[in-house]
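> Chain by chain, the residues:
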Amino acid sequence: MSGMLDRIRDVRVGALATWALLVIAVVLNAILQPTFFSLYSITSNFATFVPLVLVAIAQAIVVVGGGLDLSLGAIVALSSVVAVTVMGGEDGRVGLGFAVAIAVGAVCGLVNGLVVAVVRLQPLIVTFATASIFSGSALVVMPKPGGTVPPVMTGIYRTAVAGVPVSVLAVLVAVCLWLVLRQTRLMRHVYAVGGDPGAAYASLVPVTRTRTLTYVIAGAFSGLAAMALLANSGSGDPFVGADIALNSIAAVVVGGVALRGGRGGAVGAVVGAIVLAMAANIVFFFDVPTTYRQLVNGLVIIGALALSVLSSARRAAR
Amino acid sequence: MSGVTKHYGGVRALDGASLSLEAGEVHGLLGPNGSGKSTLNKVLAGTVAADRAEITLDGRPLAIHSPRDAHRHGIAAVYQQLSLIPDLTVAQNLTLGVEPARAGFLRARVSAPDVAETLRQFAPALGDRVTASTPVADLPPGEQQIVEIAKAVMRRPRILILDEATASLHRDQVSLVFDVVRRLCAAGVSVAFVSHRIDEVMQLCTRATILRSGRTVASTELAGTSEQELVSLMIGQTRAPEAAAAPRAEKGEPRLTVTGLSGQNLNNVSLRAHRGEVLGLGGLQGQGQSELLLTIFGALRAREGSITTSSGRGARIRHPRDAARIGIALVPGDRATQGMFAQRSIQENISIVSLARRLMAGVAISARRERAAAASMIDRLSIKIGRLTDPVSSLSGGNQQKVIIAKWLLNEPGIVLLDDPTKGVDVGAKAEIYALIRKLTRNGAAVIFNSSDDRELAEIADRVLVMYEGSVKGELDAEDVTYDNLVSSALLIGMGDQHRVGGDESGTA
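Protein chains in written order, with my numbering: chain D, 1 to 318; chain R, 1 to 509.
Pair ranges (Cβ atoms, derived): (1) D:I125 - R:P100: 31 to 39 Å; (2) R:A137 - D:T291: 42 to 50 Å; (3) R:A299 - D:D287: 47 to 55 Å; (4) R:A137 - D:A129: 32 to 40 Å; (5) D:V180 - R:A123: 33 to 41 Å; (6) R:P124 - D:G198: 29 to 37 Å; (7) D:V107 - R:R368: 57 to 65 Å; (8) R:P100 - D:T291: 50 to 58 Å; (9) D:W19 - R:A187: 50 to 58 Å; (10) R:G127 - D:W19: 29 to 37 Å.
Here are some of the chain D residues that sit facing chain R, going by a computed Cβ distance under 7 Å: (11) A199; (12) A202; (13) L204.
In short, the hints are calculated from the structure, not lab data. Beta carbons are placed, not taken as given, at the ideal position from N, Cα and C, and that holds for glycine.
Model the full structure from these sequences, guided by the hints.
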């Protein structure tokens, strides 16, 4: 029984399948939306992608380390309402807002990490529980949607620098952050711990610390996602991000990260996030109610898994 | 190290064992199955926390709580179970945990010369195309073992532990490893060397410590000691209580015939199990005994060979279902994961295998009949339970094992495969399981019994096949099935050519 489960967890979307899906999504989207490649449409599309892209990177780091974080959406909500409250709509406090959002995210991640790595409980259950705690705290900070985001944030978010939309830049910066992170000893250890915690421990890797830090980093990325969300929406909302955690897991799977850990990377997760977001666009242009979005996400995941199983089966046959 | 004690649950793995290593020596660590060699090494390497241990290095007492502590004191280990990460490259594995970094950023260029030098040292034992950037998962097991050894050597230890490090290596690879070990010793490194190949120990080591049931029984110079003397040290003077003249069943016609079976960890195994016979599988642990049983049962795929039974003539066994249909039952060694549904009731567990026989109109389960069948089995096996509806996990280990045996007996099997059924079971329950086995054979079943405990084999088996590296290398029959013969044959068979053991050489079973 557990062997079967392991085998399912071991199935991994191939890089080719991920990129193929991206191409399909772009082509479909371009056909349905003739203005797809216009600056305006790219800007507004990416403006909605950025939060999921950031959380997908966060999720990828946790999953590569052999964990799972269901609380990332709640962390986004909590960080965003705290940041909105702290900034109070003043342009001069945007920097403070970023610092606070990242700090809140990191602290939430630290809670997750300590319970998972030190107390050694199942990440699924731990983050399911902490998700409720974080969303509850968000409601305490801001009982109902409100607050104003500093106008400078919402303004810059929709402009372009040297012809490149800021929202696209944000995705590029996020990918660069990941690429830098990949060069650290910590990420090497994350891959080792996700690959085989016992072997990593015997090889002098500080397993507990590494595991904890994956959740902390994921929390910090979620804090950044909260700021992107604020810049896009213009006001605070404690109920935001309810589906972002599950979507990030979907993005990670589509992006070729093995849920068992140790394999894959955040670049794939970013592509996965964009594919899923574009799938939602496509659904919109087909005039299908947005309530079908979950269903489409599921189909995309199954499609990606099927593609990679097919291609790996062919490779094995050769 | 001295006074090292370690319990796993109720089992005492180490009971005041001691070991002393001198600078620049290769020290052999010998002992029969389950004598505690690996546990002792793991305590020194920090992967296992001892209940009690005194460790001194250069006369100063040490406390080792983790592999990092051990590393700090210059202790590195090569484990029987590899500590490599398959998805990382060779270089990444070699430097894992000790990567040079500045401000948290990896500096591969700093470690590159070290990696290159280490790989050059081990190059003859690695394939031609192996480079620093080859993923470890792409290497065959032997080369992975070499990388594992290289990794320990690269940490420049003062004390190097090699635990069965040569088990999966070819002759050339072994001699390269020996060269490296000798070079390290010349530089003052102490090496603790565990191997079940006594000839390797004789060849490489200057001294040896012999463990038996978790205790150090001797520490001896190897020059001037013969292999036979070592073996008798390992067996010890304590004799197994001779099988109390239990009337051994007459050999009947063959129930199960296996010819030329090869598969996972199995190489051309042939055997015949007769009606009313207990056929034991002996030898060192992990020489293919469990795989043999699982392959016969259809749980592992056979690459070659045939399995025929007197009841299901010509039936192909591709799946445990096929095996069950022609009357083969398996009691797995790892009962927690393979044998039972721990949270389900005793009744359900007992009846699950033979369910098909009691179905009403092929679908519904008759609760009354299920209860009756389970109750009669509980009675026959004298399993101590609260209620039939209690979960199996509420029972003691011995009684859990009896429930598993019970569930197969309801199917009235002609062939019973037992894979180390008494592991972690108390003495009383063991005796009852033995009685059960006797009852089975009296009713005409053929029993194949794998055990890591040679005393147990001596007590219960009518005939024992000694396995080594996936093949049957010897056979002990009737009065030759004694503890001493079993241990010495297991150890001596490992030494190169087939040493014929026992008196009766009536073919290969």
